[in-house]
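Residue numbers (UniProt numbering), protein chains in the order written: chain W, 1 to 658; chain Y, 1 to 658.
It is worth saying that the hints were derived from the structure and are not from the lab.
A couple of the hints might just be wrong.
The list treats identical chains as interchangeable, and a pair is accepted whether it falls inside one copy or across any two copies.
Derived lysine to aspartate or glutamate pairs resembling DMTMM-like cross-links, with alpha carbons at most 25 Å apart [stated by the list, open to error]:
1. Lys624 to Glu595
2. Lys362 to Asp450
3. Lys628 to Asp643
4. Lys25 to Asp515
5. Lys628 to Glu453
6. Lys628 to Glu595
7. Lys462 to Glu595
8. Lys624 to Asp450
9. Lys459 to Glu335
10. Lys462 to Glu594
11. Lys315 to Asp161
12. Lys89 to Glu406
13. Lys624 to Glu594
14. Lys277 to Glu594
15. Lys462 to Glu43
16. Lys232 to Glu570
17. Lys84 to Glu595
18. Lys362 to Asp304
Number of protein chains: 2
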Amino acid sequence: MCSLPNESFSIELQQLDADDVSGRKQRTEWLLNSPAQPSFCNELINSVTETVLPQKNSKQYGGGAVFSFLQGLFPILSWGRNYKANMFKHDLLAGLTLASLCIPQSIGYANLANLAPQYGLYTSVVPPLIYAVMGSSRELAIGPVAVVSLLLSAMITEIVDPAVDPIAYTSLVFTVTFFAGTFQTAFGLLRLGFLVDFLSHAAIVGFMGGAAIVIGLQQLKGLIGINHFTTKTDVMSVFKAVFTSFHNETLSPLNFVLGCSFLIFILATRFLGKRNKKLFWLPAIAPLLSVILSTLMVYLTKADQHGVKIVKHFKGGLNPSSVHQLQFNGPHLGEVAKIGLICALVALTEAIAVGRSFASMKGYHLDGNKEMVAMGFMNIVGSLSSCYTATGSFSRTAVNFSAGCETVVSNIVMAITVFISLELLTKLLYYTPLAILASVILSALPGLIDINEAYHIWKVDKMDFLVCIGAFFGVLFVSVEIGLLVAVSISFARIILDTIRASTEVQGRLPGTTDTFCDITQYPGATRTSGILIIRINSGSLCFANATSIRERMLKLVTEANGSEENTKENVHFLVLDMSNVMSLDTSGIAVLEELHRELVSRTIQLAIGNPRLRVINKMKTAKCFEKLGKGWIFLTIGDAIDACLSLKIADPSSINC
Amino acid sequence: MCSLPNESFSIELQQLDADDVSGRKQRTEWLLNSPAQPSFCNELINSVTETVLPQKNSKQYGGGAVFSFLQGLFPILSWGRNYKANMFKHDLLAGLTLASLCIPQSIGYANLANLAPQYGLYTSVVPPLIYAVMGSSRELAIGPVAVVSLLLSAMITEIVDPAVDPIAYTSLVFTVTFFAGTFQTAFGLLRLGFLVDFLSHAAIVGFMGGAAIVIGLQQLKGLIGINHFTTKTDVMSVFKAVFTSFHNETLSPLNFVLGCSFLIFILATRFLGKRNKKLFWLPAIAPLLSVILSTLMVYLTKADQHGVKIVKHFKGGLNPSSVHQLQFNGPHLGEVAKIGLICALVALTEAIAVGRSFASMKGYHLDGNKEMVAMGFMNIVGSLSSCYTATGSFSRTAVNFSAGCETVVSNIVMAITVFISLELLTKLLYYTPLAILASVILSALPGLIDINEAYHIWKVDKMDFLVCIGAFFGVLFVSVEIGLLVAVSISFARIILDTIRASTEVQGRLPGTTDTFCDITQYPGATRTSGILIIRINSGSLCFANATSIRERMLKLVTEANGSEENTKENVHFLVLDMSNVMSLDTSGIAVLEELHRELVSRTIQLAIGNPRLRVINKMKTAKCFEKLGKGWIFLTIGDAIDACLSLKIADPSSINC
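Just need the whole structure built from these sequences, with the hints factored in.
In structure tokens, the structure reads:
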């Protein structure tokens with residue numbers, strides 16, 4: 001008989017009574033008779049149905065069901081009935097504040113998207129109205145946003161140069177918007193809301209930071225008053241263009257002076273607004289105020305004749321139809337659809353991130369799939385009425401929130417106000433200097449750069465930080481798409497790396513417990529049982545990518561346990577493999593388990609498997625793996641496995657090679 | 001006070017004594033004071049060192065260490081000292097059998113690789129000798145193989161057409177071989193053995209099957225005697241080329257008759273060899289016999305003047321140097337390096353798969369990294385001595401094994417035999433018909449197609465089967481590289497999908513145990529505790545890709561538990577989140593945990609976290625997550641968490657909103 005370490009073993013011995021054995025056998029029986037899993041086809045169908053079909057509320061039929069369906073599609077039917085005059089007061093104030101910020105921003109973003117200024121205002125009329133009827137967020141301010149405008153201009157300019165053929169360019173923008181809307185609606189209807197998650201939080205932080213700097217650099221054109229600017233967005237091209245224009249063009253310093261002074265004015269009001277919460281309206285109306293003041297100044301001083309660049313053409317009136325401008329049979333259709341897809345995803349990501357963060361502040365839940373349908377529908381309708389891709393704006397949503405909006409009615413108020421300005425005020429905007437639009441955009445950018453969050457990400461998770469700076473530098477030095485691609489690739493590579501780098505841990509019994517087994521690295525107090533090595537696979541899947549390395553680690557651990565000083569008294573006779581973490585197993589994993597078993601047998605070590613999961617058990621059954629490993633050596637808990645090992649040791653010590 | 005279900009609760013009450021509480025607190029203390037993890041940089045450095053540096057045997061110094069190092073590099077130093085005359089008898093027999101199979105196969109494979117026939121024989125001389133000194137497998141038969149020959153010809157033909165410029169083509173083949181060897185050596189030295197695992201077992205089965213058919217189709221050229229064949233490898237191109245040549249060329253049926261009759265002869269001997277194990281040498285020498293017989297027949301009947309295509313040029317003598325043929329400054333260097341990388345990986349995958357399966361039959365272990373260095377070195381030396389990429393051949397290794405080889409000396413015997421034939425017999429091969437070479441290759445192909453294994457994969461794992469047929473059809477209908485790419489992409493997409501599709505499970509207490517909690521789907525006998533919902537995250541990582549969907553599933557489970565018939569008596573007051581599966585957590589995961597906590601608070605449900613792992617705890621500490629979730633609600637085991645929930649319920653029932 002082997003010489004056994006006394007204390008821990010004698011405790012274990014006492015537990016080995018008849019009851020235990022029968023209980024253990026019963027539990028193994030339960031394990032082996034786990035319910036069969038649905039077949040692959042059923043599982044696939046279930047998974048698709050679960051994703052595609054919305055959860056039905058089975059309690060309603062007939063008219064109630066129709067109304068409930070309509071309520072789901074048009075949330076206004078739910079909250080509209082409880083809408084009170086008191087709420088409208090708040091919404092009116094918020095809507096007007098929003099409009100005063102929205103008008104200059106819309107014109108600026110249209111400029112950034114290489115479109116005529118009225119298209120920005122159009123985009124602030126139709127989409128907010130549609131969203132007000134279909135959307136479920138109460139704070140989201142809908143309209144054109146900086147990042148999507150940048151995306152459109154950066155990607156469509158590669159197909160058609162807006163300076164050469166502005167009409168074809170505008171048609172392409174509407175077509176892209178139509179595609180974006182269609183994709184968004186489709187994602188929502190197919191319940192593919194999870195696609196938005198592919199841009200992780202870290203990726204968004206990096207991407208937004210990079211995009212803000214790129215957008216800022218694009219404003220140099222208006223701020224300095226350059227005629228020949230680059231169509232590329234990366235830092236190098238922009239600096240080169242600025243450098244060239246300093247040499248070749250005669251630039252009027254008036255543009256720069258005008259832009260900078262109003263930028264300082266807007267930033268100063270923002271500073272005041274932050275210091276005194278009651279003055280929240282001041283930074284919100286400052287951009288509009290700047291536009292009005294600067295337009296007046298230019299008009300009165302005739303500065304446009306002294307080199308100050310002005311907006312000039314500005315078509316007023318209601319959104320015209322753009323149905324005939326959609327192009328579905330050009331040579332660039334594939335390209336346009338791709339741009340639509342990218343814009344759809346980026347727009348959704350921004351809107352849902354913003355919407356969710358404000359919803360969670362007010363304590364309600366936002367259904368990503370419903371939001372997608374609403375956004376998609378508003379963009380489809382938008383593309384037919386001369387709007388470009390709209391989404392939820394971060395800066396304006398924050399203003400809407402601080403202005404005390406109660407419901408999405410503030411968006412309606414804003415849309416009506418913008419519509420009235422389109423009808424009445426556009427002629428007054430003829431003299432608006434471009435430099436002011438640049439400074440309005442520039443003033444909105446600091447909100448997109450979140451250095452604190454980047455630092456937090458760096459501190460918590462270095463790989464996430466890599467995603468973040470990957471997106472940042474990708475956008476900054478290559479292009480917007482490459483930045484996104486880099487971020488998504490690193491994110492997914494990390495998932496694969498986590499699987500490849502799967503580790504194993506040796507477990508020990510936690511003092512004071514009968515069968516709680518824990519990582520001995522994490523809990524240095526946990527004690528090993530002599531002659532038995534408990535190893536847990538620390539990976540959700542045992543597959544081709546990690547199976548071989550996991551096997552080699554286990555064999556190394558066995559060798560180490562046999563060779564270490566404290567264990568020289570007794571060699572390892574049992575390897576208990578805790579499979580509770582392993583959720584999926586492929587054929588390579590099964591092959592490795594069988595190989596491991598063979599190699600352990602050649603070292604006279606018995607392999608016991610503890611707590612395999614449903615999916616794993618069913619797969620091992622199909623592969624006839626239990627026949628090879630020995631059916632008696634599968635246990636529901638690690639405690640059971642160890643009891644079985646110990647009882648075998650006592651019953652037949654000669655079988656163990658000390 | 002809430003009305004509580006009696007039975008289970010009263011049992012739980014009895015366990016709530018003072019000891020339990022102090023034990024639980026102590027365990028939480030252990031958990032929160034888990035040892036800090038090494039910093040990111042340290043972890044990175046450790047991981048790299050562990051991968052790159054071989055495990056040192058610290059007990060040896062000085063001369064011993066040098067000898068041990070040399071023994072590691074040249075395993076012949078270990079086994080050579082115990083080599084006995086008795087073993088040589090077996091090795092001599094195996095080596096001669098091997099050579100008789102190797103000579104016709106090498107000529108055929110050289111033909112497949114679009115090289116002059118002597119290069120195949122050269123490749124069977126130098127690489128086996130180098131491997132004999134450096135390799136650690138005892139059975140592996142080294143030389144040219146079908147799949148690598150196909151890869152080389154398919155990929156290099158795209159750069160240089162061998163029909164137009166055979167000298168440039170041959171130079172490129174040597175350069176590719178040099179790169180392949182360099183990559184292999186580098187992988188071995190950097191201990192990147194895991195790279196070989198990226199081609200999963202399923203991918204290899206599919207790839208080999210597809211490659212076998214493609215190789216077989218390529219043999220139609222020799223078998224039918226076509227002059228103008230396609231350089232592409234996909235099925236469509238080959239059939240088109242065959243069809244065209246039937247129309248445009250005058251084909252001699254003699255080629256086909258000759259090839260088919262000897263193919264039938266070889267297959268018949270194989271059938272005999274399988275029926276009677278003692279005749280194992282018959283299928284092994286049948287190819288050589290066919291070559292000799294058919295050459296004689298052509299020579300005697302002058303059939304080459306009647307349309308039978310023959311080898312013609314065959315340069316004899318020892319391998320000439322090819323140092324001057326390596327091209328490192330061509331325009332195709334990048335392309336050549338890429339081909340070298342693909343060949344290196346495919347060659348290693350085949351050799352290591354074959355080597356490992358025979359090693360595990362004989363019960364010894366093969367170190368992948370050492371094998372890589374040996375293979376890399378043999379290919380580098382090979383590329384300098386007119387050899388193309390060599391690796392371990394599946395069919396010849398099986399013959400070597402059944403011929404009873406004892407050590408790698410059989411490779412030396414084979415190499416010497418091939419060398420002697422090169423010196424003496426090459427002139428005799430002038431009249432060898434090309435159709436015979438085709439039938440020698442064709443006869444080796446069925447071994448590469450493993451339909452049984454494909455069926456097994458289909459039964460066990462549908463996703464693995466998708467990888468398998470992806471590789472198969474990719475190779476068959478597009479190209480060899482695309483087939484590999486498809487297989488690797490599907491394999492990795494599966495890992496990502498597994499993470500995205502992460503599920504949650506509701507756990508219950510297993511009857512007859514105090515704190516074993518199991519999936520209630522897997523163990524229908526497990527009972528829930530009233531008022532407490534235990535949810536386990538079934539994923540190795542809680543990250544951007546699955547965090548939102550996991551949160552929504554959990555909230556849905558909470559809603560369901562509150563609404564279900566059996567639980568109407570009591571709502572859920574505690575959600576115990578079992579995190580024992582979660583090995584990695586990113587910033588999105590942390591954000592979702594905090595959001596979940598906030599949403600649960602708004603539903604007056606307390607979140608308790610059970611068994612977070614070392615890495616997760618440290619990350620949550622850095623992110624100051626415990627401060628937000630409540631430090632008192634983290635527990636080492638699920639049992640502890642439930643005890644804490646129950647004791648709170650008793651101590652302060654008013655705090656619970658029934």
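Fill in: Lys462 and Glu43: within-copy, between-copy, both or neither at 25 Å Cα
between (36 Å within a copy, 11 Å between copies)
Worksheet item: Should Lys277 paired with Glu594 be assigned to within, between, both, or neither, using CA atoms and 25 Å as the limit?
Response: neither (68 Å within a copy, 27 Å between copies)
Fill in: Lys624 and Asp450: within-copy, between-copy, both or neither at 25 Å Cα
between (55 Å within a copy, 19 Å between copies)
Worksheet item: Quick one: Lys459 to Glu335, C-alpha cut-off 25 Å, is that within a copy, between copies, both, or neither?
Response: neither (39 Å within a copy, 41 Å between copies)
Discussion item. Reference check for the pair Lys628 and Glu453, CA-CA at most 25 Å: within, between, both, or neither?
Written reply: Classified as between; 17 Å across copies, 53 Å inside a copy.
Discussion item. With identical chains, the pair Lys462 and Glu594 could be close in the same copy or across copies; at 25 Å between alpha carbons, which is it: within, between, both, or neither?
Written reply: Answer is between: at 20 Å across copies they meet the 25 Å cutoff, but 37 Å inside does not.
Worksheet item: Taking 25 Å as the upper bound on the Cα-Cα distance, should Lys624 and Glu594 be classified as within, between, both, or neither?
Response: within (11 Å within a copy, 44 Å between copies)
Discussion item. Please sort Lys84 with Glu595 into within, between, both or neither, judging by C-alpha distance up to 25 Å.
Written reply: This pair counts as neither: shortest intra-copy Cα distance 72 Å, inter-copy 30 Å.
Practice prompt. Evaluate Lys362 and Asp450 at a C-alpha cut-off of 25 Å and name the case that applies: within, between, both or neither.
Written response: Cα proximity of Lys362 and Asp450: one copy only (22 Å, versus 61 Å across).
Discussion item. One pair to classify: Lys25 and Asp515, alpha carbons no more than 25 Å apart. Within, between, both, or neither?
Written reply: both (16 Å within a copy, 18 Å between copies)
Practice prompt. Pop the pair Lys628 and Glu595 into one bin, within, between, both or neither, using alpha-carbon distances up to 25 Å.
Written response: Only inside one copy: Lys628 and Glu595 sit 10 Å apart there, 47 Å across copies, limit 25 Å.
Worksheet item: For Lys462 vs Glu595, is the C-alpha pair at or below 25 Å within one copy, between two copies, both, or neither?
Response: between (36 Å within a copy, 22 Å between copies)
In this structure, the earlier hints numbered 9, 14, 16, 17, 18 are contradicted, and the remaining ones agree with it.
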